[in-house]
Structure formats: C-alpha cells, structure tokens
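Student: The hints should help you fit chain B onto chain A, whose structure is shown.
2 protein chains.
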Amino acid sequence: MSDPRRDSKWWGWGDPAVAPELDSEALATLRERIGELTPSPLAAELESFELPEPASLPAALTEAVGEDRVFSSAEDRVRHATGCGYVDLTRLRGGGLEAAPDAVLLPADADAVRRVLQVCAAEGVAVVPYGGGTSVVGGVEPLRGSHERLVSLDLADLRAVEVDRRSLTACLGAGLRGPEAEAALAAQGVTLGHFPQSYEYATIGGFAATRSAGQASSGYGRFDAVVNSVRLVAPAGDLRTLDTPHTAAGPALRELVVGSEGVLGVIPDVTVRVRPLPAVRRYEAWIADSFEAGAEIVRTMAQGPGLPDVIRVSDEEETSVSLALSGPRGVTGKLFGGYLGLRGKRGGGLIVIGIEGDEESVARRRALASRALRAGGAAYLGRSAGQSWEHGRFQGPYLRDTLMDMGAMVETLETSHTWSKLNDLRRSVGGAISDAMAAQGTPGLVFCHLSHAYADGASLYFTFIARSRKGAEVEQWRAVKQAASEAIVAGGGTITHHHAVGRDHAPYMEAEVGRTGLDVLRAVKDELDPAGIMNPGKLLG
Amino acid sequence: MSDPRRDSKWWGWGDPAVAPELDSEALATLRERIGELTPSPLAAELESFELPEPASLPAALTEAVGEDRVFSSAEDRVRHATGCGYVDLTRLRGGGLEAAPDAVLLPADADAVRRVLQVCAAEGVAVVPYGGGTSVVGGVEPLRGSHERLVSLDLADLRAVEVDRRSLTACLGAGLRGPEAEAALAAQGVTLGHFPQSYEYATIGGFAATRSAGQASSGYGRFDAVVNSVRLVAPAGDLRTLDTPHTAAGPALRELVVGSEGVLGVIPDVTVRVRPLPAVRRYEAWIADSFEAGAEIVRTMAQGPGLPDVIRVSDEEETSVSLALSGPRGVTGKLFGGYLGLRGKRGGGLIVIGIEGDEESVARRRALASRALRAGGAAYLGRSAGQSWEHGRFQGPYLRDTLMDMGAMVETLETSHTWSKLNDLRRSVGGAISDAMAAQGTPGLVFCHLSHAYADGASLYFTFIARSRKGAEVEQWRAVKQAASEAIVAGGGTITHHHAVGRDHAPYMEAEVGRTGLDVLRAVKDELDPAGIMNPGKLLG
Chain A
1 MSDPRRDSKW
11 WGWGDPAVAP
21 ELDSEALATL
31 RERIGELTPS
41 PLAAELESFE
51 LPEPASLPAA
61 LTEAVGEDRV
71 FSSAEDRVRH
81 ATGCGYVDLT
91 RLRGGGLEAA
101 PDAVLLPADA
111 DAVRRVLQVC
121 AAEGVAVVPY
131 GGGTSVVGGV
141 EPLRGSHERL
151 VSLDLADLRA
161 VEVDRRSLTA
171 CLGAGLRGPE
181 AEAALAAQGV
191 TLGHFPQSYE
201 YATIGGFAAT
211 RSAGQASSGY
221 GRFDAVVNSV
231 RLVAPAGDLR
241 TLDTPHTAAG
251 PALRELVVGS
261 EGVLGVIPDV
271 TVRVRPLPAV
281 RRYEAWIADS
291 FEAGAEIVRT
301 MAQGPGLPDV
311 IRVSDEEETS
321 VSLALSGPRG
331 VTGKLFGGYL
341 GLRGKRGGGL
351 IVIGIEGDEE
361 SVARRRALAS
371 RALRAGGAAY
381 LGRSAGQSWE
391 HGRFQGPYLR
401 DTLMDMGAMV
411 ETLETSHTWS
421 KLNDLRRSVG
431 GAISDAMAAQ
441 GTPGLVFCHL
451 SHAYADGASL
461 YFTFIARSRK
471 GAEVEQWRAV
481 KQAASEAIVA
491 GGGTITHHHA
501 VGRDHAPYME
511 AEVGRTGLDV
521 LRAVKDELDP
531 AGIMNPGKLL
541 G
Chain B
1 MSDPRRDSKW
11 WGWGDPAVAP
21 ELDSEALATL
31 RERIGELTPS
41 PLAAELESFE
51 LPEPASLPAA
61 LTEAVGEDRV
71 FSSAEDRVRH
81 ATGCGYVDLT
91 RLRGGGLEAA
101 PDAVLLPADA
111 DAVRRVLQVC
121 AAEGVAVVPY
131 GGGTSVVGGV
141 EPLRGSHERL
151 VSLDLADLRA
161 VEVDRRSLTA
171 CLGAGLRGPE
181 AEAALAAQGV
191 TLGHFPQSYE
201 YATIGGFAAT
211 RSAGQASSGY
221 GRFDAVVNSV
231 RLVAPAGDLR
241 TLDTPHTAAG
251 PALRELVVGS
261 EGVLGVIPDV
271 TVRVRPLPAV
281 RRYEAWIADS
291 FEAGAEIVRT
301 MAQGPGLPDV
311 IRVSDEEETS
321 VSLALSGPRG
331 VTGKLFGGYL
341 GLRGKRGGGL
351 IVIGIEGDEE
361 SVARRRALAS
371 RALRAGGAAY
381 LGRSAGQSWE
391 HGRFQGPYLR
401 DTLMDMGAMV
411 ETLETSHTWS
421 KLNDLRRSVG
431 GAISDAMAAQ
441 GTPGLVFCHL
451 SHAYADGASL
461 YFTFIARSRK
471 GAEVEQWRAV
481 KQAASEAIVA
491 GGGTITHHHA
501 VGRDHAPYME
511 AEVGRTGLDV
521 LRAVKDELDP
531 AGIMNPGKLL
541 G
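Residue numbers (my numbering), protein chains in the order written: chain A, 1 to 541; chain B, 1 to 541.
To be clear, the hints were calculated from the coordinates, so they are not data collected in a lab.
Hints are supplied without guarantee of correctness; some may be wrong.
Identical chains share a label here; the pair holds if one copy fits it or two copies do between them.
[To be verified] Below 20 Å or equal to it, Euclidean Cα-Cα: the simulated SDA-like pairs (lysine to any residue) are:
1) 9 x 96
2) 470 x 42
3) 9 x 21
4) 470 x 40
5) 470 x 442
6) 421 x 165
7) 421 x 171
8) 421 x 59
9) 470 x 93
10) 421 x 490
11) 470 x 441
12) 421 x 166
13) 9 x 405
14) 470 x 17
15) 421 x 511
16) 9 x 380
17) 421 x 305
Bound conformation, chain A alone (with noise of 0.2 Å):
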C-alpha cells in the first residue's frame, strides 16, 4: 500500500454508495415515537472543511518512517482526526475540527515502528496508534497531553499472515481489516470468525487492542479469549508472550496487552486460534414471551450445552420498533410483522440463533438449542427472519448515517453483569438514557439486546434514537451518555462489554478498576512509554 486508505466516507460510515432509506411506513412510525425530524445534511465538503495548521516535525520521523511514508494533505489528516462515534461524525458533519493529526505516517513493518517511537519519545511527539480508526469512544482523538505534535501511526501496511494449520493458529498483522483477514484465511481453509458490527472497516490490531467481541462470539470466543500469543513494540522495549497454548509462569503478560488501546506502545500482530472454515451457517430466529423470558432461555443455553455460536436477544421495544427500522427498507421488519400475525404473537423478545460448523455438528447443536429453547416457550419463526438479520447484520452504521442526515441522535453503548443482576441493570440503565433523553427535551427511543452470552452472564446492548438539538448535539449527547455511564456503574456493570475505554469511558476507570487498578495500570504505561507519547488521554484519562 503507498497511501492511506480512503475508500470510506470521511464524514461517516463506510462505502459511499451504500446509503439505506427508511421507507414510509418506518418513517410514520419513527415520527410517531420521538416527533418531528429536522433534516441535518452536511455543513461542508472535505475541500473547505477547516482544520488548525500541523506543527512541523522532527526530520529524523521522516527518516524513521521512510520519505513516501508521511502524509500531511487535509484530506489524511482529516480522515485520521477521528473514530465513527456519534460525536465524531457530528463534528466531521459540521465542518471543521479543533485538532487533528499534524502528519499521518504509514510504517512499512514493526521495525519502522519501533524507530518511529523511538524518534517521537526522544522528541517529545504524541502518537496515535490507528487502525481501521471505527472508534466508538474516541480511541483515536488526536489528544497531545503535554505534548505539542501529534502523528497518527497508521497500521494498514502490517499484514503478516501466518498459518499453523496444525495447531490451528494464525499470525495476522495488526493492519488487516476483518475481510483481508479472513480471506487471507479462508485461502488456507480457516476462519477467525470475529465479525463485530464494525467487522468490515477494523482491522487485528484494533480487535486486539480494544478486546473486541463480534456477533458470534458466544461462540467463536470473544478475541481476547482466541488470542495465542501477542507482541507489543513500546517506546521502553519490545514486549513478547509466548505462543504455548498455556502458561503457569506468573502473571499474563500477554491479557496487559490486550485492552492496552494504544497507550502502552503498538501491536505489530497477533497469533490467534482459527476453526476449520464452516461448511454449514444456519440463522434463524424465535421469539419468546419477553425479554426476560429470552434471557433465561440463553441462560439455560449457556449453562448447558447447545449455546449457539450468534446468540441474540432482543427487548420488547427493539423487537417491535426497530426491526421496522432495519435492513434495505425494512425488508427484516416486514417479514418479520408476517410472522408475528401468522403465530398470533405481539411484542414478544425476538432472538436471532446462528449455529455455524460441520453438517453434522450444526443439525446436533441445533437439537440441542431447539430444544432449549421451546423448553422456555419460545416460538420458531423461521429462517428467513434469521437470514434477514445475518445479510444486515454490518448495516447498522450506515443506517446511522441516514437517521443522522434526518436529523436524530442515534447512540448505542453496552455493558454487561452477572445473570443474577442482568435485569435490573437492564432496567436502570435503560430508564437512565429515557430519563435523560427526556430531560433533554427530546425524548426518544431506547432498544436493548443481549448479544453474547457466558456461563455467568451476559452483555447489555442499548440503542436510542432521538431529535438531535440542532447545534447543541455533543451536549445533548454528553447528558444522556453520562447518566447512562452512571447507571451502569451504579448497577456494578462494566463500563465497557466490548466498546473499549478511549476517551469516553476514560473518567468512569476508577470505578471499573479501583483507585489501586489505576495506579497499576499507570506505573505499568510509566515503564513502557516513560515520555508518555503513547495514545494520550486515553483509557487512564
């Protein structure tokens, strides 16, 4: 690769040509539920988007990092001055930004980065590692700390693949997006299978980074639990875990790694466990009496044998709004309202089961989950509905884009808690964003499903949608976002299930960790990046 890539939108998600409508019936519907929308479009194309001057660097990054490697033009630096969270886009949509990357570079391999950091430790110049930069929680905002440049550290050209296809493990460099690595790997008859709703545009290096979990990770295993083995090139030295399947010697280096976001230093790859690529995928959905009705079907599932690889729930509210919402013009949500006459429910908890493998095993595993879940009362709504949400299943920011451009606030955020303490946190944090969204002035719609499931518990998935306040959405936004961030804390979630810390998580740490957590994970970033260059304000605030 000789230049970043910029084959998605700079002002929102994904591929320019893909841009879902709500069709009619969607819209009556979301008009009904929070009013009156005020059309938002774009306040400024990329040309006269305005971005403060870069400082000039250090000649020696140059030569670190190669000649043709460093990027200044608007357009790079704009493109890496972000993550795709709702804030992000609001203020890419508004035409300018208060800071940005002064140059991007683009290392060639881990020993261009290693050179790289040691010219920006020993200059005093902030560095943004940057992957497929789909942030939903500022990872990537170009923060100096006390630091006056910044450069973005684009991954993209570290693409190792690696394949140990008697051990089942792969060697994937840090910059492949999740469709790189998996056709790399499905070349040698394998999969990761982590597909996270942001699975196209994010890369290795993000997934390890952030503790990613994908939409079958119930099954696949979240990418924290398929990681072998990790290196991480810091300012302070290389860091390296071995690749034996399991250890006793002390503590896991390798789990300091993973989750460090960038602020320790950067991972040039990762060794992760593959699965011989599935012959058979079979989706399909159910509906149960209610949400609480379906999260107890999963836990009977989760407990036993027979848990699916997707496992999905959804609350009453998604299950009757936001299906309407979903998918090329509300395709899932039709179907889905056919069902629902035909076997003369109403409401309900939809689930979405996905059960990928061999014939054999799929048709095994699938008795196993069938009968789990008619056991808890649910109803079989066929495949279809199931192959709706599959085929839509990386549609959701797009549609963001559209509700966006209609003038709404649409958010998501997660959490997760033991099955015992899953229905009240349910309950709180869901009333908090309500409360909020309300207290705002625009009161809105708020969805939640369960989306993976453990033995112990389970992850909270919340979505809402509001009338955005025209020029004051990054306030509106903050109000709802910390009275839900409070609730989960108060309710003894965790702040994040599989968003990652970033900026926007940053200030609830203490609470997620202790004020001895903290301090650990500060003298271990002391050691690492004793200049602190690495990733400023991010995770540890």
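Tutor: What follows is chain B alone, placed relative to chain A:
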C-alpha cells in the same frame, strides 16, 4: 480454626496412615531399570529437628493478627518452611533446615491480612503467603530478600463460601482446601471441577496464585479460565476486579493477580465459575499404537467436538512401566497387563478419558470421543483401567514418599507447546533428562504424558526416577532440573504449564517473558509492594 493445620506428614505428603508399598513384581522391574536402591529412612524426628533461632517480631504484628494467632513452635515453623517438592522433602528428611519463618500468623479475615501487611511494610518484615504448602517449585521457601525477619501468613482461616446459583459463580475463601471447597459447593449442588494431583491439601488461594490446572481441566477449564473476579490485598492498597462476565475496559488486571504467587499481595478470596454437580462420571481407558498416535487423536478431539473432561496419553515408557508402579499394590498395572495380553498389544500409548455430566450429555460426548479414538486406531481397554486411574489419581505423591524411603530420586516437571512443536519438545526434554541422570552416574527412567489439551496445543508432564546420590541429592536434582529447563527454553516451551514459578523457575522467567516483560512485572511489584516484603525471591528472582 485455632491452630495451623497439622493433619499431614511434616516430612512428606499427606495422611501419615497412607503408605502404599510396591509389590515384588514392581520392585523387580524398578531394580532392573535403575539399579539397586539403598534405603534412605528419615534422619530425625521432629523433636530433634535443627532450625535456626527465630528473630523476634514487632509487637504491632501480634496486635494486627491477634494474640492467639501467632505461632512459633518448632513444628509450626518446620511445617511452614517448605513446600512439597523433591528438594523440600529431601531437606526435611535430612533432619534440618537452614531457614524457617520466625513465626506463623493465622489471620482471621482479610482485614487482619491488611493490618499484617501494613505492619510488615512499615517494619521491613518479609511475608510468605501460605495456602496448602503443596508447592513443588519452592513457592513458600522462606527467603528473606533484604529483610531480617520473615513471617509465614497462613490463610487457612479465610473460608468464605458464597454461591450465586443463578449465575453459577461462587466466592471462595483462599484458605479452603480442594475437598473443603468441593464439599461446600456440593451442598448447593455445584462443583468447581478442579482436581490437580495436590487437590487434597492445596487451597483455593494457591490455585489462583499459581494458575493451577487440574486433571479435569481440559473439560472444566484451568483455574485461571474459571476465575470470574479476584481481590488482592497488597501493601499499597486493595485491588479488585468487577464480577461482570466480560469487560473491554482495558488490560485485564484479574490476569495480573492470578499467577502472582504472593509477590504482589495476598488473595483473600476468589470468585469462580462453577457447574452443576455431574450425575454421571464415566472413566475408561484406551490404547493407541504410540504416544504420537494418541496425541494426534487428542488433537483431533480438541480441535473439534468431543474433548473429554479428563484426557491423558502416556508415552510408551510410562505405559509399559509406570502403571506397574502406580496405585495401591500395582492393581492398575496388573489389570492393564491383563488387558494388553487380551488384546494382543504391547507398549503403545495408554489413554485415559473421563467424561462427566448428565446421562444424556455423557452418552453424547462419549460417542464423539469414541469415534475419534477408533478413527485414530486406538483400542478400548474398558472401564476398570480408567476407574483404577481415577481411584488412584491423588496417590502419586504418596508413592513418591515410598520411593524416597527406598532411596530413589523422584521428580516431575511440565511444559506445553503448540501441536506443531509438541513431539519435538517431548523428545528433546525427555532426552535431556535422561542424559543428565546418566551423567550423574544414576541412569534412570523418564516417563511423559500429555494431560491437558487445548485447540492449539497440549501440556507435557515428565516424571523421572533414578537412584538418589546419597549426600548429594540436591546437587543431583539440580543438574537434572537445569538440563530439563534449558531444553524446554531451547524448544520454545513454557517453563511451567501448571506448577508455577516459585524459586525453581525464577531463573527462566527472562526466557519466558523477555527482559521487557520482567521489567513490567517488577514495575507492578514496585507499585503494589514498594517495600518489597511480599514473598521475596519468588517469581521475579
């Protein structure tokens, strides 16, 4: 509890009433293979045991723990002066020790632990956290570091049991021995399923501090894999992690506490994932054509469905010899010989499998396992041999006492590697042990088995037996241990799969985690234990 526990041999393993003997056939086999043994009885009774005079301790320490909770009799000091490794027992049997704790403290709760650490940090008293005292790597060795005084902190009275039946988690006190924890859990219908060979005397806190793996960990999960959340009482403050099933909130501090071996602080309790008590436990034996054929079967099972909870494959040497020595009066060996004769196989690789659960799931999983075993060319030996293994699963350390009485050196060590490198590692480590024993003038037996299987690799567990060099036992052991450790490092294996680091593996930690990794661990220690009082000389050297 009012006194430290004294229900095991002070000079050896476990219940003094259990003393297995080798039958004449086993004795003959042993003599034939390693030469004539010179009996090596105990050198001294406890009454005449030589110990250094204890240093006097700060009065504040008595206040911190309570007056009736400080013990300094010779017996209590001896019982807390060593673990249960071959070298430890050799020294105990020799009638004297050069070092022992100045006193044993028995804190009533985590608050008392916290007070003790405060006093010790202020006064410069080294602290060795003590669970079951079953370390085979010198984990509780009373090394003082830069301090002149040292206490053993016996955690036996930390006995919390709190089960969340709905989330299938349990908070268990560090001082609970394996059977105590299981009995408390069984009363609520659940099990932890953690059965290392040390199970009968080792404690929950020790399992966590050492990243223990149990005989059924292929199915139930290694101890670190079942930890939901932890607490650590450190001199600098308390560290705790949330009990949510997953979080993306930064590096996993839980994984710094698990495996910390007492050098960072004291783990007062651990919250673990438990499972419903199995209704059925089916153990059986099979025989493969060779160790490598057996390992290949296990690889297939671990990378697909059907991996049993217990899975062990013995190499040809262990298969043909060690079973004759194991179990009360060699009953397993005799049965096994009968089976072999019956089926016309000699040597080969013995496979023991154990599957636990409800009747239906055991039947289903057994069918999958049987299919993989037959596909790999293994022959069924029946349930008796499997049940004999199960019956004798905690007998190994008793047999070691018998062999040491007879004048043998008996030691075990373990590693792991990916499937691609497992066979090479087995050959190189086995060869190094064999050569080193021969170089000591005591050619011996080396057995190896695979006892923990993962999708990406497996563990290797070596047992070696030779005549002990009377008066030079430690030197002899050290030479063999060093040769084995160097072969492990050269082969890229981990220095320990489940025995932990302690004193014996500390010299190999730089090979394991690299210089930067060691620096990070030391930075964490400096943060949590600035006075360096916690378990000096272990883990980090």
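Student: Work down the list of hints and note, for each, if the structure agrees.
Tutor: Here is how each hint holds up against the structure:
no., hint, in the structure
1, 9 x 96, "within (16 Å within a copy, 76 Å between copies)"
2, 470 x 42, "within (13 Å within a copy, 86 Å between copies)"
3, 9 x 21, "within (17 Å within a copy, 77 Å between copies)"
4, 470 x 40, "within (8 Å within a copy, 88 Å between copies)"
5, 470 x 442, "within (11 Å within a copy, 85 Å between copies)"
6, 421 x 165, "between (41 Å within a copy, 12 Å between copies)"
7, 421 x 171, "between (38 Å within a copy, 16 Å between copies)"
8, 421 x 59, "neither (55 Å within a copy, 45 Å between copies)"
9, 470 x 93, "within (12 Å within a copy, 82 Å between copies)"
10, 421 x 490, "within (12 Å within a copy, 48 Å between copies)"
11, 470 x 441, "within (12 Å within a copy, 87 Å between copies)"
12, 421 x 166, "between (42 Å within a copy, 10 Å between copies)"
13, 9 x 405, "within (14 Å within a copy, 77 Å between copies)"
14, 470 x 17, "neither (27 Å within a copy, 82 Å between copies)"
15, 421 x 511, "within (18 Å within a copy, 43 Å between copies)"
16, 9 x 380, "neither (39 Å within a copy, 62 Å between copies)"
17, 421 x 305, "neither (23 Å within a copy, 32 Å between copies)"
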